[in-house]
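Asker: Each chain, letter by letter, is given below.
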Amino acid sequence: MSDFLAQLLESLLGTFSSPEKRVFVGFLLSAWLIAVVWLVWRQGQSLKDALRQLFSRKLWWSRTARADYKLLLANRLVLLLIAPRLLSQLAIATFVFQSMHQVGLPDSGPDWPPALIAFLFTLWIFLLDDCSRYLLHRWMHTWPVLWPFHRVHHSATRLTPLTIFRTHPVEGVLFILRTALVQGLSIGLFVFFFGDRVDLLTVLGANLFLFAFNALGANLRHSEIPLRYPRGLERWLMSPAQHQLHHSIAPEHHHCNFGVVLSVWDRLGGSLQHTTAGQSIRYGVPDQRGEAEHGLVGLYWQPCRRVFDLVVRRIGVARWRRRHRDYPADYGMEP
Amino acid sequence: MKRLPLATALSVALFGTSAAYAGGDFYADFPVTLQGYQGDESHSVSYPGQIARHVLHDSLKKLSGRSTGDNAAEIKAQMMAYFKGDAEGRAILAPTSKAGFEIKQDQVDQLSKGKNLADKAYKGAVPGWPGNMSGEEVLAFMLDKAANNQGGYDSVNGMDYIQLLSKTAMGAVFYNQAVDVYLDERLEADRYPNDQPYKKGRHYTGKEHVWDEAFGYFGVPAHTMNLDAKTVYAITKGKPEAFKAADANGDGVVDLLTEMAFAHGYYAAAADKGGKSNYLKTITQAFIDGRQLIADAQGEVLTDAQRARLKAYADTIKSNWEKVIAEAVYKYAGSVYQDLKKIEIVIETNGDIGPVMRDYAKHWGELKGFALALQMGGKDLGATALQLNRLIGFSPVLLGNTQVTGIDANGDYIQAKSIDMGAYMGNMIQVQALLDEQFGLAARSNQIGDSLSALNAKLKSKETGEND
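Sequence lines, in order, name chains A and B. Here the first sequence stands for residues 1 to 335, numbered as in the numbering used here. Here the second sequence stands for residues 1 to 468, numbered as in the numbering used here.
The set of hints was computed from the structure by calculation and includes no laboratory data. Every residue, glycine too, gets a C-beta built ideally from N, C-alpha and C. Where hints are given, some of them may not hold.
[What the hints assert, rightly or not] Partial chain A-side listing against chain B, Cβ under 10 Å, derived: (1) Leu-120; (2) Phe-121; (3) Leu-237; (4) Arg-306.
[Said to hold, decoys possible] No more than 25 Å apart at the CA atoms, straight line, and that leaves these computed lysine-lysine pairs for PhoX-like: (5) Lys-276(B) - Lys-21(A); (6) Lys-21(A) - Lys-458(B); (7) Lys-120(B) - Lys-76(B).
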């Protein structure tokens, strides 16, 4: 038990002290600095007003923000128990590495300089990771059995950098599996072809590209600072304001901007929306349950209940159809 | 820490005797505790027969590479003398003195008389070798093949009998005797009791000698706890720079009885010298502690509590010794994998396949020999053993993608179409994964795809459920 508590404490502290994490204290500071500069220089606010907007008690101690903190703690406990029991990244990498022996010769990749191989591996894993995040995020929105779990994240009515922890454990498990699959596959493939010449380019232990993304204000994605990029740049890189659109309660903003770093995937998938100057957004979900949305038990239980109801309803409809074969196929289905 | 009884310690201080192992942890100088003993012996430690068998094994290994193809009968006769014979006058062919590393003994009889390997070889079935043979029969078969193949190497079937015979023999004789006989049934209350001499006329008790013989089979110097793994490794190799460390009593020669390392003791040191494991000292310390427990019983029958503690030390020895062998299998699976890669490259570049095939056979012989040894500990390894034998097969995968599948009535190998070399490389990966999973290995030398672990550590997956 004491080992587990120590592990829990270490995990919590590591969240803010590790440069591999979005909310590393250095990245939070850089995001706030960028926000202050943007608010003062581009929005014409005074420094005092800018700081008040960033650090208002009303924001950080709101009911919705407190729900974020509860989920941070509760999920850490739950996922520390679950994560070791999931299919491991190393197991996937080893499986891929071993399977490749059926199709080719190991270490048979081109004789490129190690620096080039490291760059390619770092770039590959960044691109595959970013693309898979887009895809999973899109499915979380469009698959009826997944949306109730992702809805927990969208039920936030105010946004702070810690809103990234407003996640249902089921969604957390999917994130862990996605990462394991993407990284395991990449490691297995590259090590098969390039052996011990493969390396990862890092800055303070974090992937070079993700370090840059986090250092350049990624934490503002979950903030109420509508920092936007020029339109041409927003076609390639997801601005914080574009992600805030994604969290908008307005119907015209639904199912847009699923991407994390690159907006290329949304462009290809037809879900890209650009920001507008002075956009004002109300955050949340259309069927918000008010203050009841922010209780921990409800946040954990409601998605399970919704999925259960959905499955039961579908089974019920399927049974009804079998009994009433003469009726139209879509009879009784929701539009 | 070895605790000398006060009277003995005072005697040593007053009369200056037994200065050889003063201080530190040694498997030595345990006093005579046999009640009623009135002879001249002052110490009860004795395992010369086991050292004689180590020397017989090393000498046999030396002989197994001496066949020219034309002298099969002569070589076989010489080998049989060391394997099954018990005649006097057998010279020690290995280890022998070299410049800067003088060894005390050069005759087997100077260690112990009338010993051989065959009588103590594992008598159970060896499913990992074709032909449904016992351990002794497998060794005899390999011996015969070594004598009938030039240099002990059968290039047609990929068999290096120098390695196969040696590694299998270490398991069939030393490992099996130690963990399945001495550290098992002979620790029971009704076998070799501690209040009786081991045999009539001996000055050591039943339990003292049982424990000593197990220690002897492990094959480490008595002063191992004062050495590091690299030094023990170098001692076995007879390196001049390790001579001073080996010569514990400073008499200018290395005494094979107490100052040399052999067999699995050497392999424990080999695993540990990478700094990731500590098998050598864990096993040696358990032996010393167990021997001290027996000495503290002062020639009385062990109580239940003492026997339970002794068995706990035995369990530590057995589990770590098993891991030492598993580490060796792991290492050579990695070596075979690398050899297969080289073979593929040589084939593609039309190079000289001979040398790489020779290395491949050598490493495969070590892999297979240790894998067979692992299954001779008297413990049913169940599915692990079955998987291991299937993955490794009865021979290496040969050019043309064939493997040995059996032995005919004449004792000749039968080959058949098998998997290709690429798939066999995959088998080696599975061998390592299986061993790591089943035995929890620490050293993991020659890990295939060790970059996988290194990169995995750099790319830790999210366990925090962060949204994007």
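Asker: Does each hint hold? Answer for all of them.
Answerer: A quick look at each hint next to the structure:
1. The criterion of a C-beta within 10 Å of any C-beta in chain B is not met by Leu-120(A), whose closest approach is roughly 14 Å, and the hint is violated.
2. With a cut of 10 Å, the hint placing Phe-121(A) at the interface with chain B holds, because the nearest CB-to-CB distance is about 8 Å.
3. The restraint placing Leu-237(A) at the interface with chain B is violated, with a minimum CB-CB distance near 14 Å, outside the 10 Å limit.
4. The beta carbon of Arg-306(A) is not positioned within 10 Å of any beta carbon in chain B (closest approach about 19 Å), and the interface hint is therefore violated.
5. Of the supplied pair hints, the one linking Lys-276(B) and Lys-21(A) is violated, its CA atoms being roughly 30 Å apart against a limit of 25 Å.
6. For a cut-off of 25 Å, the pair hint linking Lys-21(A) to Lys-458(B) stands: about 13 Å separates their Cα positions.
7. With a CA separation close to 20 Å, the supplied pair Lys-120(B) and Lys-76(B) stays within the 25 Å bound.
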